[in-house]
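Enquirer: The listed protein sequences derive, respectively, from chains A and B. 1 is the number of the first residue of the first sequence in our numbering; add one for each residue after it. 1 is the number of the first residue of the second sequence in our numbering; add one for each residue after it.
Mixed in with the good hints, there may be bad ones.
As the list claims (entries may be wrong) - Taking lysine to any residue pairs in the SDA-like style, the calculated list, with each CA pair at most 25 Å apart, reads:
1. A:15 <-> A:65
2. B:49 <-> A:98
3. B:103 <-> A:15
4. B:58 <-> A:76
5. B:103 <-> A:104
6. B:58 <-> A:15
These are computed hints drawn from the structure, not numbers from a lab. All values reported here derive from a predicted model rather than from experimental measurement.
Listed below, chain by chain, are the residues.
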Amino acid sequence: GAGVSQTPSNKVTEKGKYVELRCDPISGHTALYWYRQSLGQGPEFLIYFQGTGAADDSGLPNDRFFAVRPEGSVSTLKIQRTERGDSAVYLCASSPPSGSSGANVLTFGAGSRLTVL
Amino acid sequence: AQSVSQHNHHVILSEAASLELGCNYSYGGTVNLFWYVQYPGQHLQLLLKYFSGDPLVKGIKGFEAEFIKSKFSFNLRKPSVQWSDTAEYFCAVKGETQGGSEKLVFGKGTKLTVNP
């Protein structure tokens, strides 16, 4: 597609439930990033993929958070046993391969707003 | 670990005033530096970037930023702001790490309000 697509745009869930957030990057972009943005804060790094593998998952806050990118394109961020503190906007971004035009520049999606009641 | 500090949480200006938003980063190696902007109701967009070469970089909408290596700074400037510049501005740094990670680290952001 023309841009990074994220679904759902809004998700309201109850504490303890399981949530999946989906990201469809720009076609041909090999790197895919997940960030979390709380109100009044900058985007907080969670994880990024190069192709199918997680190149850096050091930002995942705990083992309730997991992300996959099985075919090197679409990625899913999975949150188990959600807590109220997980409420935030979850942002996805992608970038082209190293050495190509636009490499190292992230293009962001509109985000998925998660509210845990 | 990399970190980014943005000194101003909220800046309020009148139209035509000059703007400078501070950004300092903590990282000793080679860095790529970015400013992103988020207009109300919109997603993050790239404003400008610095990879190498001329430390004064120009971006969209009349914005520019200067990389001063000795000060670990990458301040954003605009000579004359417009009401449409009202937005939140984020400085970000990507540095080469031991593990080869290319994660981008953001500052907390500066909210700019421009009054007509």
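Enquirer: Now tell me, hint by hint, if it's right for this structure.
Expert: Status of each hint after checking the structure:
For the proposed pair residue 15 (chain A) and residue 65 (chain A), the alpha carbon gap of about 15 Å is at most 25 Å, so the pair holds. A C-alpha spacing of about 16 Å is found between residue 49 (chain B) and residue 98 (chain A), which places the hinted pair at or below 25 Å, so the restraint holds. Using a Cα cut-off of 25 Å, the hinted pair residue 103 (chain B) and residue 15 (chain A) is violated, with the two alpha carbons roughly 30 Å apart. This hinted pair does not check out: residue 58 (chain B) and residue 76 (chain A) have alpha carbons roughly 36 Å apart, beyond 25 Å.
Between residue 103 (chain B) and residue 104 (chain A), the direct Cα distance comes to roughly 10 Å. Compliance with the 25 Å bound is thereby established for this hinted pair. With a C-alpha separation of about 46 Å, the suggested pair residue 58 (chain B) and residue 15 (chain A) falls outside the 25 Å cut-off, and the hint is violated.
Hint violations for this structure: numbers 3, 4, 6, all remaining hints satisfied.
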